[in-house]
Amino acid sequence: MGEMDQMKKEAEGLKSQIEAARKAAADTTLADAASGVAPAPRVQLKTRKTLKGHLAKIYAMHWATDCRLDHAMLMVSASQDGKLIIWDAFSGNKINAVPLKSSWVMTCAYAPSGNLVASGGLDNMCTVYNLKTPVVKTVKELDAHTGYLSCARFLSDTEILTASGDTTCALWDIETGKQKTVFLNHVGDCMCLALSPDMNMFISGACDSLAKLWDIRDGTCKQTFQGHTSDINAISFFPSGNAVVTGSDDCTCKMYDLRSDQEVISYQDAQLNSGVTSLALSVSGRLIFAGYDDFNCNIWDSLKGEKVGVLSGHDNRVSCTGVPQDGMCVCTGSWDSFLKIWN
Amino acid sequence: MSSKLQSSNNIAQARRTVQQLKLEANIERIKVSKASADLMNYCGEHAKYDPLLMGIPASENPFKDKKPCTIL
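Order-wise, the sequence lines are chains A and B.
Going letter by letter, the first sequence gives residues 0 to 342 in numbering that gives the first Met the number 0.
Going letter by letter, the second sequence gives residues 0 to 71 in numbering that gives the first Met the number 0.
Source of the hints: derived by calculation from the structure; they are not laboratory data.
Note that the coordinates shown come from a computational prediction; the quantities given were computed from them, not determined experimentally.
Treat the hints with care, since some could be wrong.
[As the list claims (entries may be wrong)] In silico lysine to any residue, SDA-like type, Cα no more than 25 angstroms apart, as pairs: (1) A/K100 x A/Q178; (2) B/K47 x A/H70; (3) A/K131 x A/K306; (4) A/K139 x A/T64; (5) A/K306 x B/P50; (6) A/K8 x A/N241; (7) A/K221 x B/I26; (8) A/K45 x B/A46.
Bound-form chain A, shown alone:
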């Protein structure tokens, strides 16, 4: 009993130490520091394309990395109609429709090469498909998680990261189908993950209301960010790689700076009482597009914390958002079964 109490005391002491160190570094807030910066202009975007074709709620979408090839702009979407659809956003045409073994899909991802896509959900598996064979073929079923697959992101054609309702994240070798590394530390379902721009780290958000920064190669949790009071559903790196933005069921988004190890700004509004489902940043990092349960996507000035626009047009919850690498538009996907391209 002595050791347990000792451990508890040591843990409390360390938590206080971390709190004190963060406070000592908090000589200002981001909003105060940015008070001299000109406000971002009011952002009024129009729907340029509505992608129709799914027959049920859309849960996820992901832009191809090098998305502007041959005058096409490619992205993948996943719906509980049991399909992945590869779209050309310019024409609105469907390039491929991949039937899923399990229709309870929660995530989809495009490999940076453009050769592969992945999906996963309540089947607890991540399935990888080859788009370049004459008929789209299943390459591997990555089966080891003991909970639903909430998010997947390719590092390359041979490695993929997954986040799961079993509270772990994992790095997989696609060729062998085995987990190379399991990232253990969350105490709630992992809901989202994002890769750092240099691909050495990733960040995860979970139902324990924490965001954690991980070293991909050594498997360790480097930093833990608190502040949210409910599930973190969405997460993204700021383009410099020095900060992360999170979106939560507590109706707020927050930015955490990695080097000061703390929350530097919160994006919230007293009139907003819907959870955040998804988020994406514009290429300079100045604008945050956040999808909410209330059918809208709100646009925030990342430095000043002010709302600068809204994307209204969906007839149900916005479940996913994405900005392509060239930053030319933003895509929103919804439970209303449509995807919209805005700029």
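Please arrange chain B on chain A, whose structure you already have, making use of the hints.
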């Protein structure tokens, strides 16, 4: 599970928690003023390459339906 096994699991868990907290406590932290300055600089330097921030002229918008041209 025997209570002895359970309590040794709990101690193992507590040890891991302390270990993780030690790791997280020992990092270097920069001041928020410096972090903010870097974030503001990044936004400032990259603003001109951000089409959603700067706006896209109609003639350069690949999503805008081009009106048919008549040759006069």
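Straight-line alpha-carbon gap A/K100 to A/Q178, limit 25 angstroms: holds (22 angstroms)
Hinted pair A/K306 and B/P50, Cα distance within 25 angstroms: Holds, at about 18 angstroms.
Satisfaction of hint between B/I26 and A/K221, Cα-Cα up to 25 angstroms: Holds, at about 9 angstroms.
Restraint status (C-alpha distance of B/K47 to A/H70 at most 25 angstroms): Roughly 24 angstroms between the alpha carbons, so the hint for B/K47 and A/H70 holds.
Hinted pair A/K131 and A/K306, Cα distance within 25 angstroms: violated (42 angstroms)
25 angstroms limit on alpha-carbon distance, applied to hinted pair A/K139 and A/T64: holds (21 angstroms)
Restraint check for A/K8 with A/N241, where alpha carbons must lie at most 25 angstroms apart: Roughly 32 angstroms separates the two Cα atoms, so the pair is violated.
A/K45 paired with B/A46 [C-alpha distance capped at 25 angstroms]: The hint holds at about 20 angstroms.
In the structure shown, a violation is registered for the earlier hints numbered 3, 6, in ascending order.
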